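Number of protein chains: 2
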Amino acid sequence: MDYRIEYIAKLFEKISKKRFENYVVSRLWHKLSDNEIEFVPQQYVKRNETKYALTDLYLPQIGLHIEINEPAHNANEERILADTIRNQEITKKTKHNLWIIDFSIIDPNNKSKLILKSIEEINDDIDELVMFIKSEIARKRQDNTFRPWAHQNDFNPDYHIQKGYLDADENPSFRTIEDICKLFSAKEPKRGFLRKGGVHNPSNKEHFIWWPSEENKLWNNRITEDSSIIYEKHNEPEICLTHIKGVIKENGTRVVFYKNTDILGFKFYRFKGIFVIDHDQSNIENGIVWKRIEKYIKL
Amino acid sequence: MDYRIEYIAKLFEKISKKRFENYVVSRLWHKLSDNEIEFVPQQYVKRNETKYALTDLYLPQIGLHIEINEPAHNANEERILADTIRNQEITKKTKHNLWIIDFSIIDPNNKSKLILKSIEEINDDIDELVMFIKSEIARKRQDNTFRPWAHQNDFNPDYHIQKGYLDADENPSFRTIEDICKLFSAKEPKRGFLRKGGVHNPSNKEHFIWWPSEENKLWNNRITEDSSIIYEKHNEPEICLTHIKGVIKENGTRVVFYKNTDILGFKFYRFKGIFVIDHDQSNIENGIVWKRIEKYIKL
Numbered sequence: 332m333d334y335r336i337e338y339i340a341k342l343f344e345k346i347s348k349k350r351f352e353n354y355v356v357s358r359l360w361h362k363l364s365d366n367e368i369e370f371v372p373q374q375y376v377k378r379n380e381t382k383y384a385l386t387d388l389y390l391p392q393i394g395l396h397i398e399i400n401e402p403a404h405n406a407n408e409e410r411i412l413a414d415t416i417r418n419q420e421i422t423k424k425t426k427h428n429l430w431i432i433d434f435s436i437i438d439p440n441n442k443s444k445l446i447l448k449s450i451e452e453i454n455d456d457i458d459e460l461v462m463f464i465k466s467e468i469a470r471k472r473q474d475n476t477f478r479p480w481a482h483q484n485d486f487n488p489d490y491h492i493q494k495g496y497l498d499a500d501e502n503p504s505f506r507t508i509e510d511i512c513k514l515f516s517a518k519e520p521k522r523g524f525l526r527k528g529g530v531h532n533p534s535n536k537e538h539f540i541w542w543p544s545e546e547n548k549l550w551n552n553r554i555t556e557d558s559s560i561i562y563e564k565h566n567e568p569e570i571c572l573t574h575i576k577g578v579i580k581e582n583g584t585r586v587v588f589y590k591n592t593d594i595l596g597f598k599f600y601r602f603k604g605i606f607v608i609d610h611d612q613s614n615i616e617n618g619i620v621w622k623r624i625e626k627y628i629k630l
Numbered sequence: 332m333d334y335r336i337e338y339i340a341k342l343f344e345k346i347s348k349k350r351f352e353n354y355v356v357s358r359l360w361h362k363l364s365d366n367e368i369e370f371v372p373q374q375y376v377k378r379n380e381t382k383y384a385l386t387d388l389y390l391p392q393i394g395l396h397i398e399i400n401e402p403a404h405n406a407n408e409e410r411i412l413a414d415t416i417r418n419q420e421i422t423k424k425t426k427h428n429l430w431i432i433d434f435s436i437i438d439p440n441n442k443s444k445l446i447l448k449s450i451e452e453i454n455d456d457i458d459e460l461v462m463f464i465k466s467e468i469a470r471k472r473q474d475n476t477f478r479p480w481a482h483q484n485d486f487n488p489d490y491h492i493q494k495g496y497l498d499a500d501e502n503p504s505f506r507t508i509e510d511i512c513k514l515f516s517a518k519e520p521k522r523g524f525l526r527k528g529g530v531h532n533p534s535n536k537e538h539f540i541w542w543p544s545e546e547n548k549l550w551n552n553r554i555t556e557d558s559s560i561i562y563e564k565h566n567e568p569e570i571c572l573t574h575i576k577g578v579i580k581e582n583g584t585r586v587v588f589y590k591n592t593d594i595l596g597f598k599f600y601r602f603k604g605i606f607v608i609d610h611d612q613s614n615i616e617n618g619i620v621w622k623r624i625e626k627y628i629k630l
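Residue numbers (our numbering), protein chains in the order written: chain H, 332 to 630; chain A, 332 to 630.
Treat the hints with care, as some may be off.
Unchecked claim - If the Cβ cut is set under 10 Å, some of the chain A residues that face chain H in the computed set are:
| no. | residue |
| --- | --- |
| 1 | ILE336 |
| 2 | ALA340 |
| 3 | LYS348 |
| 4 | ASN366 |
| 5 | GLU369 |
| 6 | LEU447 |
Hints in this document: simulated from the structure, not taken from any laboratory. Being a predicted model, the structure only gives us computed values, none of them experimental. Idealized CB from N, CA, C, for every residue including glycine.
Model the full structure from these sequences, guided by the hints.
In structure tokens form, the structure reads like this:
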């Protein structure tokens with residue numbers, strides 16, 4: 332099935348309990364009516380060393396966060412103040428724009444009273460945001476800096492083989508291990524609980540094609556926010572040590588497809604580049620530390 | 332809060348688990364972008380003496396039912412046949428139109444295979460339906476036969492007082508007992524568990540203003556589909572008998588605001604007209620039977 336309709340339908344379902352948020356997000360999607368625009372719900376944003384925020388909707392292609400304030404949201408002055416600080420931190424930290432849709436405003440004649448907007452006012456507010464997004468997207472398309480969201484081809488290994496390369500900056504993503512193996516004409520490993528975490532690249536013996544996951548219970552793997560370093564560590568201290576010794580001895584090079592699950596439950600293997608061991612950092616504490624040496628690989 | 336946005340947001344929430352249906356309904360609503368069009372989910376339709384159907388969406392102002400078939404819907408030939416029969420019965424019985432949105436089609440080259448539509452195809456299908464609805468509504472507006480959905484004024488007693496009458500054919504509906512009393516300048520009865528079910532009309536002593544409900548646990552009230560007859564019966568046989576005797580003796584006239592809760596949980600008191608006792612039909616079995624003598628009342 333078309334990934335995009337599955338994704339958007341799941342997104343609406345996910346936020347359906349917040350029904351005014353759902354009204355705004357569904358109106359944005361349908362009024363934009365542009366299947367190349369990516370919608371990300373609950374975008375994580377680091378505010379400072381200790382705090383983070385989740386913005387209601389994020390449009391990564393134009394760096395726009397959208398906050399939707401339900402009818403009772405503005406009832407409390409402390410909350411309004413806290414929001415202002417939070418939103419300033421978000422825009423300062425991310426350098427992104429932040430757009431707010433309010434379902435109510437404070438009565439200018441009586442500051443303890445809220446005025447709820449009519450459906451006409453809400454629709455006008457959303458339609459104004461639609462216009463802004465359309466103009467931002469049009470500008471990006473004109474500059475040739477717009478990267479369309481989830482084209483059918485994006486997940487198709489044949490398309491990438493024909494293109495001749497993978498570039499981590501383009502975020503190539505695949506839906507199955509079978510598809511990864513196809514990229515390199517490698518033989519898919521057997522399925523099952525102890526399925527291998529990678530295969531050798533038949534056309535380059537130095538390269539091990541690897542698909543680590545953060546969700547494997549035996550392993551404690553993680554990747555840095557900029558995707559430049561991967562920590563690979565077995566949870567059992569004894570196995571961990573044996574593993575480290577073995578991998579360091581091998582001293583291989585890894586072509587990484589990092590597996591993650593997005594907030595809507597879709598799983599992807601995302602190409603992150605070519606990694607080698609960082610011998611200085613690898614130890615029993617950190618596990619094996621892999622550092623990126625290339626974002627690009629020829630197919 | 333604006334009833335219309337509350338209603339539509341609740342409607343989306345109600346159908347959110349059926350995510351492809353939700354996608355279609357939300358797109359219809361936002362692309363129509365016409366706050367005067369009424370959307371009714373799960374419309375009850377009597378197919379024949381024993382069977383009924385619930386259509387996914389109904390637009391009463393133009394008599395249009397919409398069925399949304401999720402991706403796997405057409406996987407089974409028996410189901411397709413049963414659907415065809417059902418849909419023919421619906422259109423025959425109601426004389427309404429029925430429009431179907433399919434997420435898949437049967438492969439013409441291999442009848443056991445389904446072809447899933449792309450997001451572009453789905454959107455085109457919905458947009459075609461949007462065009463049809465827009466043209467039907469435009470035609471009704473031109474003929475002056477279009478009755479806008481839920482205008483803010485509709486629930487406002489002052490608006491009806493100014494207009495000078497209530498007509499059951501226009502389905503005037505009110506949200507509180509307070510609003511009903513205001514229509515007749517009647518004093519609102521005290522609140523509480525044993526709140527009175529009506530008040531006397533101060534400007535017409537013959538009239539008792541009555542707001543029966545189907546949801547009262549002590550009473551077994553119901554109204555016929557055409558709203559012309561109301562059955563009023565207490566659940567306790569002893570009280571039932573005393574009640575019948577008392578009411579028959581009084582032999583009054585009732586101005587009825589029938590309370591019901593719609594499928595989304597909104598409660599309304601709907602004006603049904605002026606009713607008197609049907610002495611032939613009233614008995615311990617039926618309870619008091621009220622028959623309508625007028626659909627219209629001057630205010």
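Hint check:
1. ILE336: OK, holds: A:ILE336 within 10 Å of chain H, min 4 Å.
2. ALA340: holds, 4 Å
3. LYS348: holds, 7 Å
4. ASN366: Holds - the Cβ of A:ASN366 comes within 10 Å of chain H, reaching about 5 Å at its closest.
5. GLU369: violated, 13 Å
6. LEU447: OK, holds: A:LEU447 within 10 Å of chain H, min 5 Å.
In this structure, only the earlier hint numbered 5 is contradicted, and the remaining ones agree with it.
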